[in-house]
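Chemist: Heads up: the protein sequence lines correspond to chains A and B, in order.
For what it's worth, my numbering labels the leading residue of the first sequence as 387, then goes sequentially.
For what it's worth, my numbering labels the leading residue of the second sequence as 541, then goes sequentially.
I should point out that these hints are in silico values taken from the structure, not numbers from a laboratory.
Wrong hints could be hidden among the right ones.
Claimed, not checked - Now the in silico label distances, taken between C-beta atoms and shown as ranges:
id: 1; chain 1: A; residue 1: Gln468; chain 2: B; residue 2: Thr597; range: 53 to 63 Å
id: 2; chain 1: A; residue 1: Arg454; chain 2: B; residue 2: Leu957; range: 56 to 66 Å
id: 3; chain 1: A; residue 1: Ala461; chain 2: B; residue 2: Gly780; range: 46 to 56 Å
id: 4; chain 1: B; residue 1: Glu783; chain 2: A; residue 2: Arg454; range: 45 to 55 Å
id: 5; chain 1: B; residue 1: Ala973; chain 2: A; residue 2: Glu456; range: 53 to 63 Å
id: 6; chain 1: A; residue 1: Arg551; chain 2: B; residue 2: Arg739; range: 22 to 32 Å
id: 7; chain 1: B; residue 1: Glu951; chain 2: A; residue 2: Gln468; range: 26 to 36 Å
Said to hold, decoys possible - So the derived list for chain B, only partly shown, Cβ under 10 Å to chain A, looks like this:
id: 8; residue: Tyr765
id: 9; residue: Thr769
id: 10; residue: Thr851
id: 11; residue: Thr871
id: 12; residue: Tyr925
These numbers were taken from a predicted model, which means no experiment stands behind them.
All residues carry an ideal CB built from backbone N, CA and C; glycine is no exception.
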Amino acid sequence: MTLQSSLSRSMFLIALSTLLLAVGCAKNPPETDSTASTSSTSDGGRMAGPGATSRSASDQQSLDERRRAEQERMAREAFTNQDILFDFDSYTLRSDAKAILEQKAAWMKANAGVTVQIEGHCDERGTNAYNLALGERRANATKQYMSLLGIEGPRMSTISYGEERPLDPGHSESAWTKNRRAHFVILGGLKSS
Amino acid sequence: MYTALSRHAFVVIVLLISWCNAGFGQTQVQIDITQAGGGYLLPIAIPRLIGESAGATIGKEMRDVLRQDLELTGLFRIADPATYIEEAPQALNQLHYDSWAVIGVAAVIAGQLTAAGGGNLATQMTLHDVAQRRVLENREYNGPQERRREMAHRFSNQVFRAFTGEDGPFDSQVVCAVSGGGRQSKDIMIMDYDGYGARRLVSDGSLNISPVLSPDGSKLAYTSYRNGTPDLYIRNVRTGQDERITSGPGLALPGSWSPDGRYLALNFTVDGNSEIFLYDLQSRRLTRLTNDWGIDVSPSFSPDGSRLVFTSDRGGSPQLYLTDINGSSPTRITYEGRYNTAPSWSPREDAITFVGSSDKGSLAIYTIRSDGSRLRRLMDGGGTYESPTWAPNGRFIMYIGGTGQRYILREGGSPRLVPSGPACLSSQWVPRAGQ
Chain A
387 MTLQSSLSRS MFLIALSTLL LAVGCAKNPP ETDSTASTSS TSDGGRMAGP
437 GATSRSASDQ QSLDERRRAE QERMAREAFT NQDILFDFDS YTLRSDAKAI
487 LEQKAAWMKA NAGVTVQIEG HCDERGTNAY NLALGERRAN ATKQYMSLLG
537 IEGPRMSTIS YGEERPLDPG HSESAWTKNR RAHFVILGGL KSS
Chain B
541 MYTALSRHAF VVIVLLISWC NAGFGQTQVQ IDITQAGGGY LLPIAIPRLI
591 GESAGATIGK EMRDVLRQDL ELTGLFRIAD PATYIEEAPQ ALNQLHYDSW
641 AVIGVAAVIA GQLTAAGGGN LATQMTLHDV AQRRVLENRE YNGPQERRRE
691 MAHRFSNQVF RAFTGEDGPF DSQVVCAVSG GGRQSKDIMI MDYDGYGARR
741 LVSDGSLNIS PVLSPDGSKL AYTSYRNGTP DLYIRNVRTG QDERITSGPG
791 LALPGSWSPD GRYLALNFTV DGNSEIFLYD LQSRRLTRLT NDWGIDVSPS
841 FSPDGSRLVF TSDRGGSPQL YLTDINGSSP TRITYEGRYN TAPSWSPRED
891 AITFVGSSDK GSLAIYTIRS DGSRLRRLMD GGGTYESPTW APNGRFIMYI
941 GGTGQRYILR EGGSPRLVPS GPACLSSQWV PRAGQ
């Protein structure tokens, strides 16, 4: 691959590990079940009471589970909420799009059973039929990059909505920017939590 | 004495009486539709119909239809009724021409309503040439009251023909994709060209787009997402029965029917790449016409059915290309601007309308000949435009503006907003079905 993409990949890895560290610090102190470290969490207020020391192991376990569930929910929401954006009349993946896809691929690897549909969308400028074909190209280019990142083809389907389903119904440049996108929808395979 | 135009059509009695041609040889006002653009609008008066007060609002509605039709052409001006010396003529065939000459109108449309009872309507209309003091047209219409707008549209056609020598575009319909009941759904509707009399052809809560009606009005090609992928269907309009032509995942969109109605040109994505195909209704076979890495969409047949114009980005930006129905060596016809799409070939001549990018990069409606000559921008542009479509007479173009409003445009004229009807997402202008 090109220097640019390997650069962006290493930057992504740095970003990802920073993110994991940050999440880990704030939400889920790992590898420790002693009460000492939990005093640094945002739940510290509750820990101050006399009941804190009498918390049972099972309480702590369920707290951890809830935290883990919350963490998973946020990762899942980031996966579905963060669209990748395109330039006008283009289905070329930009470097910011590739960085996001690398995060999405990492998530799909961590959630092996998940299948997705990749939707390709356009802004309202340009004409319907061409935009439907362009949206299809955007979805296909996105799927292709995910495949290169190691996600199996059968886990991903594509569909184009052209300009039929704008995210932002406005008629401004900022609306158009948001609407030229590929959007991920989870079809199935999520572990119930 | 009378002619039934179709099984369901109302009776039209054509009174071609000898005095119709009494003035033959004299110079009648004639409008050259291809040249009129200098701002001259032929002034016409439409006074109250004789017997109008007995017909509640029917007479006024018919006058409003006549006014709207003629004004939308950008060729006529309806004189302000406040200036009329006579509110209504005494008799259809005996006008006080001096009373109309003095207010400066070139023609008068006189009409008479005869309530026929039982929900029926009988009306007679005459077109008078004020300068020559003679009747140019005389028609009588009989039919159910709910077809009163259709009767007025037909007389608008007569007025148009009298002054331009061409078929009028008014008694026609459009097929549109419109917002459906649900937020994400779209329906397909057919309505009069001016937005009245709309009825739903496809409405099932899913996304239905890109309607293209066959030349005889019997088959509707469209794309529906109802089975999870954008697939092409052909609906028998009479029975409502669908035939599914393609199955996903690839996108399929109908483009245009051949003039004889045997072939449907469409785009269909195979192996991730959109190509042009012909669907043969007789053999039920799809034949691939293009084979290229680029996006190929929006095929439109030439009037003789031998060639197709379509959009392709094979050269790096979307441009118009021509091919014959065997798909041999497509040739590019647009070279100006970096965005030329949605071509539609005129039903009458070598003219293709499309949405193109102007010098400034903004979009506008254009026409061009199939050899790439005579490129014309028909309006100022600067917004977003969709699906330019020719009137059945090939003299007007309808297109859709940014919020789904429809405009009518004539080469040399300026765009006129069609005042009513639902917001359309794509449209096709067709002759009235069943004629």
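Chemist: Compare the structure with the hints numbered earlier in the document and write down the numbers of the violated ones, lowest to highest.
Modeler: 7 and 11
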